[in-house]
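**Student:** What follows is each chain in one-letter form.
Protein chains: 2
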Amino acid sequence: MTRVYNFGAGPAMLPIEVMEKARSEFLDYQGVGASIIEISHRSEEFDAVINETDRLLFELANIPDNYKILYVHGGAQMQFSAVPMNLIARNPEKKAAYVESGNFAKLAIKEAIRYGKISVVASSETSNYDRIPELEMAEVDQKSSYLYITSNNTIYGTRWQQFPSTDNIPLVADMTSEFLSRELDINQFGIIFAGLQKNLGPAGLALVIIREDLLDYALPETPNLLTYRTYAEKHSLSNTNNTFAIYMMKLVLEWLKDHGGVTALELQNETKAALIYDAIDTSSFYLGTAEVIYRSTMNVTFNLAENGLLDKFLSQAHAQGLYALKGHRNVGGVRASIYNAMPTAGCQALVNFMKEFEKNHA
Amino acid sequence: MTRVYNFGAGPAMLPIEVMEKARSEFLDYQGVGASIIEISHRSEEFDAVINETDRLLFELANIPDNYKILYVHGGAQMQFSAVPMNLIARNPEKKAAYVESGNFAKLAIKEAIRYGKISVVASSETSNYDRIPELEMAEVDQKSSYLYITSNNTIYGTRWQQFPSTDNIPLVADMTSEFLSRELDINQFGIIFAGLQKNLGPAGLALVIIREDLLDYALPETPNLLTYRTYAEKHSLSNTNNTFAIYMMKLVLEWLKDHGGVTALELQNETKAALIYDAIDTSSFYLGTAEVIYRSTMNVTFNLAENGLLDKFLSQAHAQGLYALKGHRNVGGVRASIYNAMPTAGCQALVNFMKEFEKNHA
Chain G
388 MTRVYNFGAG
398 PAMLPIEVME
408 KARSEFLDYQ
418 GVGASIIEIS
428 HRSEEFDAVI
438 NETDRLLFEL
448 ANIPDNYKIL
458 YVHGGAQMQF
468 SAVPMNLIAR
478 NPEKKAAYVE
488 SGNFAKLAIK
498 EAIRYGKISV
508 VASSETSNYD
518 RIPELEMAEV
528 DQKSSYLYIT
538 SNNTIYGTRW
548 QQFPSTDNIP
558 LVADMTSEFL
568 SRELDINQFG
578 IIFAGLQKNL
588 GPAGLALVII
598 REDLLDYALP
608 ETPNLLTYRT
618 YAEKHSLSNT
628 NNTFAIYMMK
638 LVLEWLKDHG
648 GVTALELQNE
658 TKAALIYDAI
668 DTSSFYLGTA
678 EVIYRSTMNV
688 TFNLAENGLL
698 DKFLSQAHAQ
708 GLYALKGHRN
718 VGGVRASIYN
728 AMPTAGCQAL
738 VNFMKEFEKN
748 HA
Chain R
388 MTRVYNFGAG
398 PAMLPIEVME
408 KARSEFLDYQ
418 GVGASIIEIS
428 HRSEEFDAVI
438 NETDRLLFEL
448 ANIPDNYKIL
458 YVHGGAQMQF
468 SAVPMNLIAR
478 NPEKKAAYVE
488 SGNFAKLAIK
498 EAIRYGKISV
508 VASSETSNYD
518 RIPELEMAEV
528 DQKSSYLYIT
538 SNNTIYGTRW
548 QQFPSTDNIP
558 LVADMTSEFL
568 SRELDINQFG
578 IIFAGLQKNL
588 GPAGLALVII
598 REDLLDYALP
608 ETPNLLTYRT
618 YAEKHSLSNT
628 NNTFAIYMMK
638 LVLEWLKDHG
648 GVTALELQNE
658 TKAALIYDAI
668 DTSSFYLGTA
678 EVIYRSTMNV
688 TFNLAENGLL
698 DKFLSQAHAQ
708 GLYALKGHRN
718 VGGVRASIYN
728 AMPTAGCQAL
738 VNFMKEFEKN
748 HA
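Residue numbers (our numbering), protein chains in the order written: chain G, 388 to 749; chain R, 388 to 749.
If we strip away everything but chain G, and leave its shape as in the complex, we get (with noise of 0.2 Å):
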C-alpha cells in the first residue's frame, strides 16, 4: 500500500496513526466482539468515548466550565441555520451581524437571513475574497444578538490573526477549517463551531463549543436536534449521533495530545506554511493569491504566473503522490490544504516538486 501526501480541502487526510488504530479494532472493538459502529450509542463502551472526547477537548483546546461541548448533526453548513436559529432572539430585534469574508460566510448570510435583520458589517468579497476585511466595531449595531466570522477562509487561504473584541455582543467563529491548529482564548467567543472533516475526523458532524448562557435563545420554529439545549441537556445523545466520527474524533484527539498538543502543532503549523510561502515569495514563478499579512497556515493559495501550465502542475504532482492540489474554482491555481495530520515531510515534498518544475519549465 501506498499512501499520498493528501492536499485536499475535505475530507481531508487524517493522521496514519489514527488510521491504523481505527482499522485495528474495526471488528472487534476492545474484546466487545462488535465494531464501536456496531453497539449502541447508549452502551458503557461509547460512553466511555464520548466522555474522553469531551474530556480531551476541555483539556487540549483549554475550554472554560462555564462552556458546553455539543455534538451536532450536519457539519458546519447545518450551523449556518442553527446559529441564528438559536442565537438570533437573544435581542427581540432578532438582528446580527456578518463578516463576509469568504463563499462559506456568503452562504451563512444567505441562511441567517431567513431568521433575522442582517448586516453585512464588512466584506472583501470586490477583491474576491483576498483578505480579511476591516471591521469596524463602531459600526456594529450594540443590539445586535452577535456577530459572525470565519476564522480561516479553506478556499480563499485567508485567516483572521486577530479576533475583534465585540464587548457585550457574542462573537461566532466557523472555524471548521481551523480549530485545534493555533491557541486560542476561548473567552472571546460566544459560540465556536467546526465541521469535523478537515482537522478533526470524518465528515457529518459539527463540533459546537457554546457559552451556557447562548443556550436558551432558540425560535419556537427550531427543529428539536437543531437546538442547543437538547444536546447540552442529552449529552449530545438525544437520538443516535455519529458514534464513528465521535470515535474518531477521539482518536485523533489523542494524536494531538501525543505530538504535544494545540502549543506543539501550532509551531510545526507555522513551520509547515513557511516553507510554502517562501518558496512562493523567492520566486517569481508562483503568485500568492492572499493578502500576505492575512495569510492562513491551514490552506496555502497560490497560482502560476503563467497559468497554462497549471494542468501540467497539477498532472505531474499528483503523479509524485502529491494529491487534490487543484484550487477551489473561486481562486483557480493551486491550493495545499495542510491541517494538523499533514507531516512537515509533505510540504517540504511538495516544495521540492515546485522548485524541480519551475527549474523546468521557467
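Please note that the accuracy of each hint is not assured.
It does not matter which identical chain is meant; a pair holds if it fits inside one copy or across any two.
Using 30 Å as the maximum straight-line C-alpha spacing, the simulated BS3-like pairs for lysine-lysine come out as follows [stated by the list, open to error]: (1) K497 - K481; (2) K713 - K621; (3) K504 - K481; (4) K742 - K713.
Note that these hints are calculated values from the structure, not bench results.
Assemble the complex: chain G is given as a structure, and chain R must be docked to it using the hints.
**Tutor:** Relative to chain G, chain R alone:
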C-alpha cells in the same frame, strides 16, 4: 477475534463481509492512496460510490422513476422535523394526521406540533403499544397534508402487516427498523425514510425516498440542509455529506444483492423470526409482549413469566456471546433485534439458549 451475535436494536450489527471489505480498504481506497473518508465528496471516486448506492437502491427496493433518493443529515429523528417542515404546507390549512403506534411516533408528533395542526387519528398508547392501532380512513381529514405512520416499532416489536390506502393523502412512513427487510410497493408511499443504523449502515444519516411532486412545499423557515429540494437538486451534496455512511450503505446493498435481494432476505427474516416466536409460543416460561397478528420480523420482544429471572437470563446469554438482548425500558424483558445482517444461526443460538435456560429454571 471472537465476534458475538449482536441483538442490539441500533446501531446494530452489520454483515461480517461488509465489515471485512471496509477494513481491507480502510487505509487505501481502490489504490487512491487514501481512505474513502479522507477524500473529497466531489472526487470522482466518491461520485462513483454515491451513484452506485442510488442505482442499487432503485434496483433492490424497486423504486419507480418518479421518486428521488436523498441522503439527509441527522438520522431518522431529524426527519421528525423535516417531514412537517417540508410537507405540512401542501395544504394551506397545515394539517397532518399521525398514527401513534409507539414511542418514536409519539416523538414525531411532539415535533410536528411546532409546524401545524396535528391530529392523532389512531393510538395504541393505552395498551402500551402492544399492537398497531386500528385506523379508520373515514376519520382522517381529507385536507390533511399527509398521513404519518411508523411501519415497524423497534421498541415494542410490532409492525404494519398491510399498509393503509390513503387515496390522495400522501402516506409518510418511518421505516428505520425495517427498510429492505420486506418487499414493498413504493407507489403506496409519498415519503419513506429510514435512519441507517439498524438495517442499512452506521449512524448519523437518513435515507429519504420521496415522490417528486412532494418536493416543493417547504416552509420558508426550513433550514437549507433540511429542505428536500436542496438535496434533490444537489444529489445530496450541497454540503459535505457523511461520506463514510454512504460508502458503508453501498457495501451493505452489494451484500444484499449478493444474497438474493429483498425477496430472499424477507424469506430468511420470516424464518429467523419464526424460530424465536415458536420458542415463545410453545412454552409457558416465555411470554410474547406484542399482539400476535402485529408481530415484527425485525424486533422480537418477550418477557420471562418469572420476571425475577430476567437479569440472570441476560447475563448468561451475554456470557454465551448473545449480546444486547435487554429490552427497552418502556417494555422491559427481552428484545432480540434480528435485522438483515443477523444470520439464521444467531437466531438458532438464541433459541437453543432459551430452551436450555428454561430447562434449568422452569
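**Student:** First find the shortest C-alpha distance between K713 and K621 inside one copy, then the shortest across copies, and answer within, between, both or neither for a cut-off of 30 Å.
**Tutor:** Between. Shortest inter-copy distance 22 Å satisfies the 30 Å Cα cut-off; intra-copy 41 Å does not.
**Student:** When no copy is named, should K504 and K481 be tagged within, between, both, or neither for a Cα gap of at most 30 Å?
**Tutor:** both (6 Å within a copy, 26 Å between copies)
**Student:** For K497 vs K481, is the C-alpha pair at or below 30 Å within one copy, between two copies, both, or neither?
**Tutor:** both (15 Å within a copy, 26 Å between copies)
**Student:** I want to check one pair: K742 and K713. Are their C-alpha atoms no more than 30 Å apart within a copy, between two copies, both, or neither?
**Tutor:** within (18 Å within a copy, 63 Å between copies)
Consistency note: the structure conflicts with none of the earlier hints.
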